[in-house]
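So the protein lines, in turn, are chains A and B.
Here the first sequence is numbered in the numbering used here, starting from -12 and rising by one per residue.
Here the second sequence is numbered in the numbering used here, starting from -16 and rising by one per residue.
Please keep in mind that the hints were generated in silico from the structure rather than gathered at the bench.
Even for Gly, the Cβ is constructed at its ideal location relative to N, Cα and C.
Some hints could be false.
As the list claims (entries may be wrong) - DEER-style ranges, computed between Cβ atoms:
#: 1; chain 1: B; residue 1: 115; chain 2: A; residue 2: -5; range: 30 to 40 Å
#: 2; chain 1: A; residue 1: 182; chain 2: B; residue 2: 166; range: 40 to 50 Å
#: 3; chain 1: B; residue 1: 298; chain 2: A; residue 2: -5; range: 44 to 54 Å
#: 4; chain 1: B; residue 1: 7; chain 2: A; residue 2: 132; range: 52 to 62 Å
#: 5; chain 1: B; residue 1: 115; chain 2: A; residue 2: 182; range: 15 to 25 Å
#: 6; chain 1: A; residue 1: 278; chain 2: B; residue 2: 115; range: 45 to 55 Å
#: 7; chain 1: B; residue 1: 115; chain 2: A; residue 2: 29; range: 10 to 20 Å
Here is what each chain is made of, one letter per residue.
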Amino acid sequence: MVPDLAQRPRTLGDVAALARRASWRGRLGRWSLHVTLGILSLPLTLPYLWLVTAAFSTKASFGLVPTGFTLRNWRFLWEPNLGFVSGTAGRLPNVWQVVGNSLILALGTTITVVVVTTLAGYLMSRHGFRHRERVLRGALMLQAFPGVTLLVALFILLRVLGILNSLVGVLLVIASLHLPFALFVMKGFFDGIPWEVEMASMLDGASRLRTWYSVLLPQVRGGIGAVAIFAFLWGWTDYIFVLTFILRRTSWTMALYLSAVIGEYRSVDYGLLAAVGVFYMIPSLLFFLLTQRHLVQITIGGAKA
Amino acid sequence: MAKVTLEGLGRSFGSVVAVRDLDMIIEDAELVALLGPSGCGKTTTLLMLAGIYRPTQGRIRFDGVVVNDLPPQDRNVGMVFQNYALYPHMSVFDNIAFPLRLLGRPREEKKRRVGRVAEMVQIEPLLERKPGQLSGGQQQRVALARALVKEPTLLLLDEPLSNLDAQLRLLMRVEIKRLQRALGITTVLVTHDQLEAMTMADRIVILHNGVVQQIGSPHELYHRPSNSFVSGFIGSPPMNFLSVRIARVDSRLVFQSVGLQLPVPERLGTRLGERVGGDLLVGVRPEDVRISSAAARDALEGRVVDVEPLGRELAVAIALGAQYVVALASPDFTGRPDDPVWLVPSPERLYAFDATTGRALA
């Protein structure tokens, strides 16, 4: 309702003025949106910027400008024995062994989660077995409990099974605690494939299993990608379970290494801490950069690949 | 190539009966259409033939051998789905070659056979593409080629034309029929479109609520419908039904209703004589009603309600007392809504049905 326009008939000039105003308003709106979002995200981005800056600075600073460029903070990468590092609780193991352990844990989690969810997701999507709804709801509920509450029970369980202190034990714990979520994602992708495609494959002469891997798996590639990324990051970033179940230094992962650098009492070597932190983030960054598209798909609902 | 026998075939899902007591023989190289409204059990029947659903009652035989427990992959059945169900991650060539790949056929043979069916359905230039890059009509041809490449004993078509536009549908109707004749493949077609069934099938099975209403050639179904459901389902515009009571007026048998009276034709007289005072349904097809602008003996007086141009002719809706009748008129018919008209149904084209069971009388 624009009163002065309602009074008299509109001229072409009026329309042009309105159009100009709308276009200005649109541009202004976009700008203010960007500025607002930029300011709101500062608390998230500043720490990371500080981390990168500090990793290349000679001494700790609280600004974003590095004070004296150096690579000394990264010496943990090439010096097998760091010796006494201020802040660390004891001696640090060789970082490459730690990276190896982290990779084993992350990739092991990935493989376990992908294998289990592609099979179980298919079953959940296609087979109307008894109590299916209850199983699905139960699985979702499991995801709602904090895994930390299970620490003691899991500790005992792993010891009884004889896989305490081993990466396999931690891997199984991490994978199983995250399975419900991954299962739901995969089920969503399987739900998106019409039944007829499966029927067609069987009529073409394929067995159920053959249909599953020749016809269905290629169509849920997007889901496999997404679940794999998540599983990798769960394994790579886990702290609480490795801290509790890994007592041997030779089985340390990056999370424990980083936490050791932070230490407990003594003054901390901020440069080293920052460098290790940045190093630790690299795989996560790579994964996100390479797979953004897959991730967007699943957050939108994971229906179509 | 096979003769397919259905013996007392039925399928229920829990307490819901989808199909019951279906008996029929599908001859070698015959094209049979399963026709009915949605939910009538036609697709269930097709999926039983495919081996996807196992019958809960009766037997299916391929050339005399009971195949009830034979899994789909061992039946050598080709099927075209309504949504085509192509494999989106494979090229057109790989889609068509998939059945041969599963049989472990050598490369050369795959190439030769895929090439041959691709030529039959005219999609040779598309073999390198992915299904997502094809139009609906092209996808349909790919689906047909995939079903034909393994030279199936039985071809199943589930509403194969319903996702195509009208023009393409006409073309594919002719082409599918031509291929089916040329290859001599026993074929079962599922459709809810009576025109599709009439034009393509050698015989039609009409299903309603899982029960067979009639099996016969298109000609039989049109001219000798066994009940009011069949007669209302076949033909377009559909048959008109009038609820009437049999009465005797001046020693003549007549159909009577509010505001109308129609003599019972000789042909039906003997059967209906014993039903005087009883209710029944009189059916007459729109093409069998003549519209006249002047009163005549035994003509029914009515009022024009609506005139729909169909192109070649007009469909005129006419109120007869409290009931409606649609009649076809030539394009030079000039009546407008509310004009009085007189209807003369051809007496030899009147059908009578039991008012409660719908069974055809006579």
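Checked hints:
no., hint, result
1, B/115 / A/-5: 30 to 40 Å, "violated, 54 Å"
2, A/182 / B/166: 40 to 50 Å, "violated, 28 Å"
3, B/298 / A/-5: 44 to 54 Å, "holds, 51 Å"
4, B/7 / A/132: 52 to 62 Å, "holds, 58 Å"
5, B/115 / A/182: 15 to 25 Å, "holds, 19 Å"
6, A/278 / B/115: 45 to 55 Å, "violated, 22 Å"
7, B/115 / A/29: 10 to 20 Å, "violated, 43 Å"
The structure fails hints 1, 2, 6, 7 (numbered hints given earlier, in ascending order).
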